[in-house]
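Enquirer: Please take these sequences and the hints and turn them into a complete structure.
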Amino acid sequence: MTGTTLRLIGCRKAFSDGTVAVHDLNLTIEAGETLAILGPSGCGKTTTLRMIAGLERPDVGQVLFGDHDVTRLPIERRDVGMVFQNYALFPNLTVEGNIAYGLKVRGMSVAERNKRCAELLELVGLQEHAKRGIHELSGGQRQRVALARALAPRPKVLLLDEPLAALDAQLRERLRSELDQLLRSLGITSVFVTHDQGEAMALGDRILVMQQGRIAQLGTPREIYQQPANPFVAGFVGNLNAFSVAGRTVNGLKVSGGELPWAEASEPSTVYCRPEHLRVVTREGHLHGRLLGQFFQGAQSRLLIEVGAAQPLLVDSADSVIHAPGDLIALAIEPQALFALHP
Amino acid sequence: MSSTVLKAHNVAAGGLLKRRLRPTAAWALAPAAAVLAAFWLLPLAHLIVLGGQQRDGAGSGYWQVLSSPQYLGSLAQTCVLAAVVTLAALLVGGITGVFLARQRFFGRTTLVALLTFPLAFPGVVVGFLVILLAGRQGLFAMLGLKLAGERWVFAYSLAGLFLGYLYFSIPRVILTIMAACESLDRSLEEAAHSLGAGHWRVVCDVIIPGLAPALVSCGAICFATSMGAFGTAFTLGTQLNVTPVAIYNVFTNYANFTVAAALSVVLGALTWAVLLLARRMVKQSRTVL
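For the record, the sequence lines run as chains A and B. For what it's worth, the UniProt record's numbering labels the leading residue of the first sequence as 1, then goes sequentially. For what it's worth, the UniProt record's numbering labels the leading residue of the second sequence as 1, then goes sequentially.
Calculated from the structure, these hints are not laboratory results. This structure is a prediction, so every number in the text was calculated from the model and none was measured. Cβ atoms here follow ideal geometry from the backbone N, Cα and C, with glycine treated the same way. There may be inaccurate statements among the hints.
[Said to hold, decoys possible] Computed far set for chain A versus chain B, every beta-carbon distance over 10 Å: (1) Ala53; (2) Gly61; (3) Phe65; (4) Glu76; (5) Lys115; (6) Glu122; (7) Glu128; (8) Asp205; (9) Val271; (10) Cys273; (11) Leu314; (12) Val321.
[Said to hold, decoys possible] Which bits of chain A does chain B cover? Going by a derived footprint, with three or more residues having C-beta under 8 Å, they are: (13) 86-97; (14) 102-111.
Expert: Right, here's the structure in full:
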């Protein structure tokens, strides 16, 4: 299965009540790439996916699969595989019947259909469940049937709408890595929508963060996390500490609780850092504050530290030292872990 | 329909597990039991017994009914008429119901109100309307005179009866299907489309199976109503050979209680059997769906 390049050129979609769901979106998804569309509800991510699928037609703009303009084609003629949020499996058909449906519609012979069906059952590890009804399956099994059904007709593009959202946390983790391996081994161009940043980071080759119908940032998970384009992206992907800058010193910035190392000439009004980049130190640190609480999270613990700013600081610390609430804590930070954002 | 069946099952199973009914509480059931016995069980038992009585050496009422070509023919005609009405109502009402549930347009609510208006009419009025349409002085008769020089009259035949029954069956189907349509999962249709299915394919593979329980249950109600409807048939003329009219004739004109009772029991049993079958079908389609 070889991938197809996907392009959206100036796609806009407004709803009948006049609210614009997606503003003039330009996007290229490379062949074989997995793109995660991430954003809060109502940001236009599902509408974008549905425009690619052909379930919505853009008011303005074009959708291209390779060099083929598919803007006016309905979903049944686009050759896409789609996994729906609630899986949308046909309740009157068996597992096998569901997987074979797309093949049957295409007029494939029974022998070929059975062969392809067996391949897919093996791919998702459901050989023993071929004759079962859908209502006899667990959530995770249903998810796999939905995936197998979408892949059976060898689509050009695989689209997934919140594929793991309906599962419980532990199962989600396992299916996430299974899905990742599967997508990589198939090399199919795939786009999936999620509101879960962990899922987007784990599965996406690139992540498209959307905000109010526009692209907030498009980049690899590393870029999105380490160089967020604006405070919205930074806040949506992971946790963030914000420091209001009160003034400059020779080598630093004055903030409530102490002074941060800052070598650059500029003087931003706010600087940010991730919670894991603040270290608890025993000697002189850059910042000092009192511990409000400590939450054990397994591999690390999260500390809430009051430094006199509007929000307490979040610190993710790997050491297992237990502090008492009210303790004076010293924190240090590397200069390169601090960054400014342009809203 | 099947949910009530399931509920009944649950209640029965729960009743076995729970402690037995307190004697004082059982007294509370007495009025219900009295009403049931007085208005339902006793007359029905009497009816069944009456149908089995011998009279004038002509055999029991049941034998007279089951051996008479006239009565059997009337039963068959009633059955066929009810079945055809049901199928036609499901076809017309089903398509209309899906359309009305799915489309939004100006005047939709008014149209729904107008289409369901016949539910408010008694059978006699429906019969009257059929006569106004296709009777000797009806609209079709006038039209026929103008166009072909002869009156087109079909109100007093089975065609008129068919029209009348259809008239009050369609609104029921529309209402039931509209409600069922609202609860259909749209993503199933989108999934079928995504797998390459065209419009008609989706109708056959997704929408009709999804509506099957509703179609079967409202079909059963249409059938039962058409089997027993009397008002319309009586208004259109006593010459019509349908069982409810036959019962009336035997009962009032010949005072033949035995045959009237036997006919009633057979008609009831037949309708009940069809309803039971329909309920089975719904239950089965539910476990599959």
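Enquirer: Within the segment 86-97 of chain A, is the number of residues with a Cβ closer than 8 Å to a Cβ of chain B three or more?
Expert: holds (count 6)
Enquirer: Check, residue by residue, whether the segment 102-111 of chain A contains three or more positions whose beta-carbon lies closer than 8 Å to a beta-carbon of chain B, and give the verdict.
Expert: holds (count 3)
Enquirer: Verify that the Cβ of Leu314/A lies farther than 10 Å from every Cβ atom of chain B, and report whether the claim holds or is violated.
Expert: Answer for Leu314/A: holds, closest chain B Cβ roughly 39 Å.
Enquirer: Does Val271/A sit more than 10 Å from chain B, CB to CB?
Expert: Label holds. Min Cβ-Cβ 45 Å, cutoff 10 Å.
Enquirer: Minimum C-beta separation from Asp205/A to chain B exceeding 10 Å: can you confirm that?
Expert: Nearest chain B Cβ is 23 Å from Asp205/A, so the label holds.
Enquirer: Could you let me know if the closest chain B CB is still more than 10 Å away from the CB of Glu128/A?
Expert: Since the minimum Cβ distance to chain B is about 21 Å, Glu128/A lies beyond 10 Å and the statement holds.
Enquirer: Are all C-beta atoms of chain B more than 10 Å from that of Phe65/A?
Expert: 14 Å, holds
Enquirer: Just want to verify: Ala53/A was marked as not at the interface with chain B; is every Cβ pair farther apart than 10 Å?
Expert: 7 Å, violated
Enquirer: At 10 Å, judged by beta carbons, does Lys115/A keep clear of chain B as stated?
Expert: Correct as stated: the minimum Cβ-Cβ distance to chain B is 18 Å, above 10 Å.
Enquirer: Is the nearest Cβ of chain B still more than 10 Å from the Cβ of Val321/A?
Expert: 51 Å, holds
Enquirer: Would you assess whether Gly61/A, listed as outside the interface, keeps its beta-carbon beyond 10 Å of every beta-carbon in chain B?
Expert: Given that every Cβ of chain B is farther than 10 Å from that of Gly61/A, nearest at about 21 Å, it holds.
Enquirer: Is the Cβ of Glu76/A farther than 10 Å from every Cβ of chain B?
Expert: With a cut-off of 10 Å, Glu76/A comes too close to chain B, as the shortest Cβ separation is near 5 Å.
The structure shown violates the earlier hints numbered 1, 4.
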